[in-house]
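Chains as they are written, first to last, in the numbering used here: chain A, 3 to 312; chain B, 964 to 1340.
Just so you know, the hints here were simulated from the structure itself, not pulled from any lab data.
C-beta atoms are modelled at their ideal positions from N, C-alpha and C, and glycine is treated no differently.
Heads up, a few of these hints could be off.
The calculated label-pair distances, taken between Cβ atoms and stated as ranges, are [unchecked claim]:
1) B/G980 <-> A/A114: 18 to 26 Å
2) A/R115 <-> B/K1336: 14 to 22 Å
3) A/I21 <-> B/K1335: 36 to 44 Å
4) B/E981 <-> A/S62: 44 to 52 Å
5) A/P215 <-> B/K1336: 39 to 47 Å
6) B/K1152 <-> A/K19: 27 to 35 Å
7) A/G54 <-> B/K1152: 25 to 33 Å
8) A/F112 <-> B/G1183: 56 to 64 Å
9) A/S116 <-> B/S1215: 19 to 27 Å
10) A/P191 <-> B/K1336: 27 to 35 Å
11) B/W982 <-> A/L194: 20 to 28 Å
Straight-line C-alpha distance at most 20 Å; calculated SDA-like pairs for lysine to any residue [what the hints assert, rightly or not]:
12) A/K19 <-> B/F1141
13) A/K108 <-> B/V996
14) B/K1144 <-> A/F24
15) B/K1152 <-> A/F31
16) A/K108 <-> B/E985
17) B/K1152 <-> B/V1216
18) B/K1152 <-> A/F303
19) B/K1145 <-> A/N310
20) B/K989 <-> A/S111
21) B/K1237 <-> B/S1219
22) B/K1237 <-> A/F24
23) A/K108 <-> A/W206
24) B/K1145 <-> B/E1231
25) B/K1331 <-> A/N122
26) B/K1331 <-> A/R118
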Amino acid sequence: MTTLSSQAINPAFIRRKKIIGFLAVSITFIAAAAVVSIALLMLGHFLIKGIGGVTWEFLSQAPRNNNTEGGIFPAIYGTTFLVLVMSLLGVPVGTATAIYLSEYAKLNSFFARSVRFGVNTLAGVPSIVFGLFGVGFFVQFIGSGMDSGFGNSTAIWGHPALIWAAATLSVLTLPVVIVSVEEALRTVPRELREASLALGATKWQTIWRIVLPNSMTGILTGSILAVGRGAGEVAPIIFVGAVYSLPELPSKVTDQFMHLGYHLFILATQSPDVEAAMPKQYATTVVLLMLTFVLNFTATFIRSRIRNKR
Amino acid sequence: MASELPSTLTKRTIRWGEWLAETAIKVVAGTSVLLILLIFIFVFREAAGLFSGKTIESENARHTTSATSDNKPEEYNPDAGADSTSTAPSEESTSPDVYNPEIEEIISPSESTTSAPVEIPAEKRTIWENLMSNVWQPVGENPKFGMQSLFIGTAKATFIAVLISAPLGILAAVYSAFFAKKWLREIIKPTVEILAGFPSVVVGFFCLMIVASLMQSLFGTEYRLNALVGGFGLAVAIIPIIFTITDDALTSVPKSYREASLALGASEWETAFKVMLPAALPGVFAAVLLGVGRAFGETMIALMATGNAAIVSASFTEPVRTLAATIGAEMGEVIWGSLHYNILFFLGIVLFIISFCINLVTELYVKKKLTKKFQGG
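The whole structure should be built from the sequences, with the hints applied where relevant.
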């Protein structure tokens, strides 16, 4: 103890400690600054180089002349079509799972824990594995199964198509939907449920008429977040239906489609003339970034309003 | 209402509609568990050809027969057709070749999905010797599927990514949680969210265009795209994960720890580094682990920025080819049902199992340890 107290008043010791402290704080500051600057640099770089290329022609026309002219309308159209079908498939399942987890699951029942574990695991599966799953399950098993079931001589369902890509993405974004809907369901005040139950409503009536309408914004947030995530994912759809060019826009769910992210990938790695396609690449990046960021910000905004309400 | 009330009070009716809805919800809730099982079963099913004793020689025979019988044009390059809007008919089942043209160019015929595997037995040489070798050359007369180089490449890229992102993410989280003023924290956190929102293909594009040139002029590396560039790209993708989970872990340490430390005369930085960070260590561990899981499974960044050359070497400035990038690059043009196809699914199984194990560890070990620590269980 004596050494310690004598150390504590030793000016050299105090100075050294102050220096170490300053260094420690500085290092963490530098790390934080580095993280922030990476994000801002990337964002700034793409905005500065690409925003000029985003014109009405670019947004409304099909690519021409090896993607060095024209626009990316088919890719925007394909991405929108894709995420719409994806939401239709994924949001109901995600919402139902969230209702189960927040309303019915007993805290430590085996089934509830398995469901939670399943959701967490699903969130950690590499996206490319979902792509393989899409090929193995949706295209080969369900698609081909439907073909032989309906007696089609040609493969109508059993080939890579928009519906299978949407299904694959809906599996990938399922955890996103579940987590945000569950959070929204839990913000519905207890008193509201109790009042409903006290008036004689059954549990299901309470959920259907009181809890769900009150957490509509949460479901919306979940869907938006899922769409934002799904719109940016490329790896799972490369071989489940995305193509790099199309003669015409997809009209049925069994058509193949163009995708913004995949289009960017092709532009960046497959262009015969990288320099000539450069402006289009940056403009495509800006469109993709704007799409995902606008969706994410909307979702974050709604979510923060829900949190504040609670 | 009044006439209805007595009957509902006296008679306990089973509401079939509600029963049905509630049962349906429970069944649907099982979907996520079911999906995990289905992913495993179906990815494994497509890889199963590997275990049924296929041989390279039988593959060769099949390869040549299908190559002559198939009439699909070799169409993997956007400039193959004059007008890009008319190159791909919608029935075409293959995606374009997604190799990085800078490093290598492998040409293979794209074929229809319906070609069923033709088994030619009675060849003794098994695929396993081939898989254990170190040359990955899946297309050609005598395909080689040595996975060594892929595993080494994945390990190298992941290692670099974690080496960059773990210190950055953890230290930035410490700064944000303990040292940053409130307004600064309100800048850092949304910016990290922005970083998390970057689609990986955009990060890959950034690395391909900017980071690669920058690193080459800085270090004068021989290859423009290499493990270092790819590792940096992966790091960018996992920094948000590490930051967010570490931040959660740090802020979930009870305030009393901090107050006790400060009351004993420790300074802010001593409290942060000697009390709070050690207390949150299981969470930090989970953060890094989940980062690793994301890094080795990340496809687009690896595909665009690592150079994609399957080389066995210890050098960080040489191109690497990761497992995920291999699947992403070759799946689009592989003959469905072929040995190569089986092997790509096998790689997928490997990725799935590793990510599953990582999740299992964080779920069972780390969370238990954290709750035990703070709730005195």
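Here is how each hint holds up against the structure:
1. B/G980 <-> A/A114: 18 to 26 Å: holds, 24 Å
2. A/R115 <-> B/K1336: 14 to 22 Å: holds, 21 Å
3. A/I21 <-> B/K1335: 36 to 44 Å: holds, 37 Å
4. B/E981 <-> A/S62: 44 to 52 Å: holds, 49 Å
5. A/P215 <-> B/K1336: 39 to 47 Å: The hinted range 39 to 47 Å holds for A/P215 and B/K1336, with Cβ atoms some 40 Å apart.
6. B/K1152 <-> A/K19: 27 to 35 Å: Because 30 Å falls inside the window, the suggested range holds.
7. A/G54 <-> B/K1152: 25 to 33 Å: Since A/G54 and B/K1152 have Cβ atoms about 31 Å apart, the given range 25 to 33 Å holds.
8. A/F112 <-> B/G1183: 56 to 64 Å: holds, 59 Å
9. A/S116 <-> B/S1215: 19 to 27 Å: Roughly 25 Å apart at Cβ, these two residues keep to the hinted range, so it holds.
10. A/P191 <-> B/K1336: 27 to 35 Å: holds, 32 Å
11. B/W982 <-> A/L194: 20 to 28 Å: Holds, since B/W982 and A/L194 (Cβ atoms, about 24 Å apart) stay within the stated range.
12. A/K19 <-> B/F1141: holds, 18 Å
13. A/K108 <-> B/V996: Given pair A/K108, B/V996 holds - Cα atoms ~17 Å apart, limit 20 Å.
14. B/K1144 <-> A/F24: With Cα atoms ~16 Å apart, B/K1144 and A/F24 stay inside 20 Å; holds.
15. B/K1152 <-> A/F31: OK: B/K1152 and A/F31 at ~14 Å, within 20 Å.
16. A/K108 <-> B/E985: holds, 14 Å
17. B/K1152 <-> B/V1216: Judged against 20 Å, a Cα distance of about 19 Å means the pair holds.
18. B/K1152 <-> A/F303: holds, 14 Å
19. B/K1145 <-> A/N310: Holds, because 18 Å separates the two Cα atoms, which is no more than 20 Å.
20. B/K989 <-> A/S111: Given that 20 Å is the threshold and the Cα spacing comes to 13 Å, the pair holds.
21. B/K1237 <-> B/S1219: At roughly 15 Å apart (the allowed maximum being 20 Å), B/S1219 and B/K1237 satisfy the hint.
22. B/K1237 <-> A/F24: Distance ~15 Å between B/K1237 and A/F24 Cα, so the pair holds.
23. A/K108 <-> A/W206: holds, 16 Å
24. B/K1145 <-> B/E1231: Given that 20 Å is the threshold and the Cα spacing comes to 16 Å, the pair holds.
25. B/K1331 <-> A/N122: Status holds; Cα separation ~15 Å.
26. B/K1331 <-> A/R118: Satisfied, since the Cα-Cα distance of roughly 15 Å is no more than 20 Å.
When the structure is compared with the earlier hints, no violation turns up for any of them.
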